[in-house]
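Asker: Below are the chains, spelled out letter by letter.
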Amino acid sequence: MPKRYLSLLTFLCLSLSAFSQQFKISGTVLDTSENKPLENAVVSVLRSTDSVLLKFIRTKADGTFSVSGLSSSKNIILITYPGYADYAELLKDSSTEEISLGSIPLTPKSELLEAVIVKQQIAAIRMKGDTLEFKADSFAVRPGAAVDELLKRLPGITVNRSGEITAHGQKVNKVLVDGEEFFSDDPAVVIKNLQADAVENVQLFDKKSDQAEFTGIDDGKRSKTINLTLKEDKKKGYFVRAKVGGGTNGTFDNDIMTNAFKGSKKIAAFGIMSNTGREDLGWRENEQFGEGNNAEFDEENGGLNWSSGDREDVTQGLNIEQGLPKAWTAGLHFSNKWHGDKEKLNTNYRFYKNNQRASSQTISQYILPDTQFFNTSSRRAFSSYQRHFAKGIYDLKFDSLSSMKLTVNGNSIDAENASQMTSAALNADSARVNSNERSSNTQASKNSFTANALWRKKFKTKGRTLSVSFDQQLSEQTSDGFLNSNTNYFDANGQVDSLELIDQKKNYRQNVVGVRSSVVYTEPLSKSIFMSVNYGYTYRKTESFRTTLNKTGNVYDKRDSSLSNDFKFKYNIQSGGVDFKYNKKKFTATIGSGINYSMYQQSDLLADTAQRYSFVNYFPKMMIRWSPTQQRALNFNYNGRNNPPTLEQLQPVRENTDPLNIRIGNPDLRQEFTHTLNLFFYDFKILSNRGIFLSTNATFQDNAISQAITTDAGGKTTYQSINVDGNYFLNFNGSYGWKMKKLNINLDFGPSVSYAKNSNTLNGLQNINYSTNYGFNIYISRWTEKLNFMVRPNIGYTFAKSTLRADVVTKYFTSENEVRFWTKLPHKFEFSTDLTANFRQKTDVFAGNLNATKWDAYISKKFFEKEKLELRLSVFDILDQNIGFNRTTNSNVITQNSYQNLRRYWMLSLQFNLSKSP
Amino acid sequence: MKCLIYVLMVIAPMLLKAQQKFIYEGTIEYERRINLHRQVSEDDERSDWFKNLVKTMPPFHSSLFTLQFRENQTMYKIAGELPSIPMPWLMGPAKENTVFTSFNNHTRTSYKSVFETKFLVSDSLNNVEWKISDEKRTIAGLECRKAVGRICDSVYVVAFYTDEIPVSGGPESFEGLPGMILGLAIPRLHTTWFATKVQLVKPSDKDFSMTTKGTKTDRTKLNATLQASLKDWGKDAVRYIWWVML
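Protein sequences, first through last, are from chains C and R. Under the numbering used here, the first residue of the first sequence is numbered 750, with each subsequent residue one higher. Under the numbering used here, the first residue of the second sequence is numbered 175, with each subsequent residue one higher.
By construction, these hints were calculated from the structure, which means they are not laboratory data. Treat the hints with care, as some may be off.
[Unchecked claim] 30 Å max Cα-Cα, derived DSSO-like pairs, lysine-lysine: (1) C:LYS1015 x C:LYS1146; (2) R:LYS225 x C:LYS785; (3) C:LYS1617 x R:LYS225; (4) C:LYS923 x R:LYS229.
Let's have the full structure, built from the sequences with the hints guiding it.
Answerer: Encoded structure:
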């Protein structure tokens, strides 16, 4: 039978080769030691020029093989059999189409053992375990030489012309770079393309077989390997940027920024001087500045932990009103890593100074049960702030399982403020109710210091972790100032009825000491269920000391005892909680609750009285996430929380800074409970560029802390916190977007709806406010290398009414529209323009023109290689309509605030960039 | 490396069995390791912030795959679930493919999840040109020989195959070598597949039944779809397409 097959095959091959010259190779593979035929030996035919596999076949039971259909006779024949030495032969040109190789003997490797090459013994440069290490710098090579030249210099290593490396007579099979295998396809490529001076060490070792490394049982098999470790400082570079800009209306905008890194060391500095509203580095600039990011990989949850609060805003802690700033900002940064990244240090310093001018007009409408008030006020202020801020973070990894992080923050603020304000209130008949004129001067300073230590430990059992954290807080605050206020109250005939004069000197001092500690332990209950238990304790003590002195004659020496006080507040909060987390690939759920017991104590040291309040608060939570694919997910969240009243709400410290708006306490106030529900769905199709996004939020409050507002006939308003029921807020947002592939335009549109119900009391009567907002957004954009644009029109409608005054309905349309366009022009020119147009419908109260279109544009040209220099001409607010504006509807008060803003200016700026990266 | 005129003999103190045993059917377990840190190249124009963020993750993503094989068929699929990472787009699509190869019919059917769409790609076996080298290494206890191939015009693939399994298969859609591929590396994707064990368990017919779900397509059409959809994605797109076309 087999013979018949064979002849048939031969016949077929012969008939095939009749069409084009086709070769056939045949032979028999034998074992030399026993002279027996070898079955299943692999016969591979390789192209002689490049070793490409052309054909392969396995030998039959009798050791025979025959490979046909070869277009050339000049091939390499490679015969292999496990445990036998390879046989390879370059076949010569043949005129006959059938090439018979006859018997091919294979030699078992066991017989070749005699030929083992004894490893050479050479003087070790440095022996590190099994590794021979050459310090690259000890072997001089010419500058700019590649690694192959370095290797040639090393004793015992040779490199031939085709890049093959031999070490101590054995061929090196692998070249790793920083331990990574297959950095390139070929060792020859690596050593020819890597600069020799970037190499720190050349490590030569015998790599154990994968099996041995996997099982830990040494099978004695080795292959020569070279590992190149790179110098840390070869990863060095610098970056410098300087910008000067000057414009009309005395505007200027200058900055300088530089950073340099060498290995893991990084040092950076910047300074900004500007009166165009630029006070800090932008997001991208901040990256270049290099404070680093604060994301951390969380192995347990497989997520990234973000500590966004780590980036301090220079204006943080400062109450800066809208206006015209003139700001100076400077920063310094240094960071380093050492000990194989086990220790990390990150330090930052910032300085900020701002001289700000502000002026604003406010119109408020107060809707009361029986009447309405209109209050108009105007205010001018000048403030000067100065702030120093320093922060240091030190990270230490003890081992792969435990780590510690220490953070310290220091902050010092000095502020001066002078303001003048006039206000007038009119009733529904436009008759004067009151008028007020006041001025104040304050000088304040605040110093604070916080420190945090966090220790984290992971255990061998996956998912078992323990973390302990300790925080300390210290702060002191002082302020000294003068208040001068003059209020006239008018009677029904418009005559001055009564008068209130205040001329006082005020001093204030506050000291805060606080500590907080917490322990969190997580335990895996099964492969997918984790339990987390936490306990925390917070203690805070605040001392506040206030004196108010009235003027007698020319000196402030008469103490006003109703406005002077000495309080001590103590907070003790103990908290605990348990969470269970179920974690599967497509489904995750968390359920749990926290509980805390808060105790407050307020001691009036002058009156020698003390009030104690204590609350037990619950924080249940639930989260469900179902994500069948990476692009589609449904999330549901529930959070419940008790909000205890603040001491300000229970027992405020009496104040008279604004004599027309007075706050009083409510010691019977209970804590409120807020339920928050959130449902979120998204579905993105990447291949068809289509996305859907839906989100619904609902908030319900029991015993919501609201306000009882009492306005007397003189227009003086008193606020007191009270508990009300039935407050809620609902909101829905949706969007649908897709890409018009042919035009390369992205389109997005969607509605938004929100509905709120809020209760309060007005002059003792219960009032329920309903407000509804409808909106519709459209977003059209196109992003390409040379041209970007986006158009974002939006329209909104607000409708608000209250039960107490069903006759007064507030309704208006607003529309906010945005257009942006950017394009590259020939000769390295660039053009960009942005336009924001806001339209607001007039209402009975707010009759002025509030439509404003802010339009900016610039044209720039870049010069030199790598676009080192940029010249830019920009114009801000082309139409000179940049008015500062906001309108808020808040239960029975509708307020519209307009303020002074930066208006039209032209600016010419020059920016210079210089950088070098490794 | 270039020509194999004279064969270098790798000496190993290994005892030879009188009769070599060949494995015709069984199950191979591969560990696939993706170097996540290198998925973003140094010259990537994305920000340092982004690059630092990537460095906060563990360097390797590791997952297990099985290849069941018998004389004329192989079936490659994921073993268990694909471990998730915080930035899934770093890895991109088509990371848990199921590939059925029939050497009798010279056909292959792959089930690939590419973003929102599941594709069922049917095509004939692709002809990768393999350069055979003389380098050898032992993987899962079997001696393997190195071969270098090329896909998508420019992407080099390094494969290690063993003579001891006379089935020309391998992970994903790699095949066409004289023996089974036990080790595979794609340097430009910074990914390796290495067999961790070879089990001599006879697979059943059921193990080779391929799903019929998914959007039916072939390699040419799939490539066209991807090129059209991902054209604005820059470097990521190129990498994503290579992955899908594996």
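Asker: Decide, hint by hint, whether the structure agrees.
Answerer: To see whether the hints hold, each was checked on the structure:
A threshold of 30 Å between alpha carbons decides the hint, and for LYS1015 (chain C) with LYS1146 (chain C) the separation of about 20 Å falls inside it, so the pair holds. Restraint check for LYS225 (chain R) and LYS785 (chain C): the C-alpha separation of about 61 Å exceeds 30 Å, so the hint is violated. Note on LYS1617 (chain C) and LYS225 (chain R): the hinted pairing holds, with a Cα-Cα distance of about 24 Å set against a maximum of 30 Å. For the suggested pair LYS923 (chain C) and LYS229 (chain R), the alpha carbons sit about 26 Å apart, so the restraint of at most 30 Å is met.
Checked against the numbered hints listed earlier, the structure breaks hint 2 alone; every other hint is satisfied.
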